[in-house]
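Trainee: Keeping the supplied structure of chain B fixed, place chain L upon it in accordance with the hints.
Protein chains: 2
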Amino acid sequence: MPDLINNHRSIRRYSSEPISDALLQEILHASTRASTTGNMQVYSIIVTTDPSQKEKLWEVHFRQNMVKDAPMVLTFCADFNRFNTWCRLRKADPGYDNFLSFMTGAIDALLAAQNCALAAEEYKLGICYLGTTLYNAEKIIEILDLPHGVIPVTTLVMGYPDEQPGLTDRLPVEAVVHHEKYRNYSTADIDRLYSEKESSALTAKLLEENKLETLAQIFTEKRYTRKDNVAFSKKLLEVLEKQGFMKNK
Amino acid sequence: MPDLINNHRSIRRYSSEPISDALLQEILHASTRASTTGNMQVYSIIVTTDPSQKEKLWEVHFRQNMVKDAPMVLTFCADFNRFNTWCRLRKADPGYDNFLSFMTGAIDALLAAQNCALAAEEYKLGICYLGTTLYNAEKIIEILDLPHGVIPVTTLVMGYPDEQPGLTDRLPVEAVVHHEKYRNYSTADIDRLYSEKESSALTAKLLEENKLETLAQIFTEKRYTRKDNVAFSKKLLEVLEKQGFMKNK
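Those sequence lines, one after another, are chains B and L.
With this note's numbering applied, the first sequence corresponds to residues 170 to 418, in that order.
With this note's numbering applied, the second sequence corresponds to residues 170 to 418, in that order.
I should point out that these hints are in silico values taken from the structure, not numbers from a laboratory.
Heads up, a few of these hints could be off.
The list treats identical chains as one, so a pair stands whether inside a single copy or across any two.
Claimed, not checked - As a list, the in silico DSS-like pairs of lysine-lysine whose alpha-carbon atoms are at most 30 Å apart:
#1 Lys260 <-> Lys366
#2 Lys366 <-> Lys380
#3 Lys237 <-> Lys350
#4 Lys308 <-> Lys418
Model, not experiment: these values are computed from the prediction.
Next comes chain B alone, as it looks inside the complex (with noise of 0.2 Å):
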């Protein structure tokens, strides 16, 4: 498993091959069996094979190819609505309109999101992660009519690989882990652990596209800008109130 674990790499090319009925259910119920807060199970994942609907996406998507390539879609949302259901049918009053709740439900969609990675790699299905489903989660909402209580997390595209990248370059171990207590970055250890990093080939393709003297300005000044992050938190924010996640007093 850690072999499995190990090998991942995100998918970006898929074939048109389905996925069977048998299989996705094999897969759904891995992801059930990750450890939810109080095994409240309070998420859902909304499955997406309908062209239509895949468009739709494609375009929240920021149009990445891959979610209209990908057999299948599925966004993993927080979800408060089933269980305030059953609550109120139970004669219980649910207290979870509030920030705490969000990030209970956000927490649940993750581990099911990543039990459901690693269960389709295990059935050399390939999977992408989507970042921009927080970016545009409002959108998402009304393609899928996620009722108040849900909110998006996170999406995976999902189906047969058409491509075989190689492994993605991480940071030594030793840069994300601290032994007891978290010990801060000297310039000394930043030079260190980012080393291998900056002085790969890729990134000298990417400074010499970008027309960018350091790594780190591709991120900032390119792909993750302050006054992107900043619109899409307001954003972000508003959905949670939206959604009913703000009642916090």
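Mentor: Using the frame of chain B, we list chain L on its own:
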């Protein structure tokens, strides 16, 4: 691997047998192979084995004894501190002091945590997630010396199991899965989907112990009350502000 995933049990009693350094390295390596937004790896893992540090964490995790008894406690944090430090040393202006960036880091941390959990189980270790992490984030920040830009999101206790619990019940898979669009739940749906859980021996025992009429009331009146959720939400939003993730304008 679905076998491994499908056999997950949360372990709450541990033997005193320590986890070897070599095994810990394998597990941490597997954690770092999880998908991460834009390959930024904006998370950190704090490994606690020191008994006095474990005792402090036990205190803030509502004195759950597994925190003291398990040989290792792993705290998974959203971490933009390292990335921001790198940016500043590379003439790049990081715009990651906002809510979206906190969520990006939290997603990274949670996917790494689930890889960690499964890799540990592959090696015959047991794990249990601690949902209390977000409740007392500000105290964990103090205990682990987490700097600005770092927030604990979830915690795993880890060690060799000293119990063999049965599988936990789950709702039927159809309860959490929707096709193409979210279909809301009728009273009949809720009755059907929750019937197995509600009629179990465990539920009967809990109702007896808590002197309540419905299982839902055990959640709303005992385990996850509105009062607690609101108080923890307020504290958590203050932590986001204090750690530098609420510049959303």
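Trainee: Work down the list of hints and note, for each, if the structure agrees.
Mentor: Cross-check of the supplied hints:
1. Taking CA atoms no more than 30 Å apart as the test, Lys260 paired with Lys366 passes between copies only; the shortest distance there is 17 Å, against 56 Å inside one copy.
2. When the C-alpha separation of Lys366 and Lys380 is checked against a cutoff of 30 Å, the pair qualifies only within one copy, where the shortest distance is 18 Å, while the shortest distance between copies is 59 Å.
3. For the homomeric pair Lys237 and Lys350, the shortest alpha-carbon distance between copies (17 Å) is at most 30 Å, but the shortest distance inside one copy (45 Å) is not.
4. Taking CA atoms no more than 30 Å apart as the test, Lys308 paired with Lys418 passes in both settings, with 28 Å inside one copy and 21 Å between copies.
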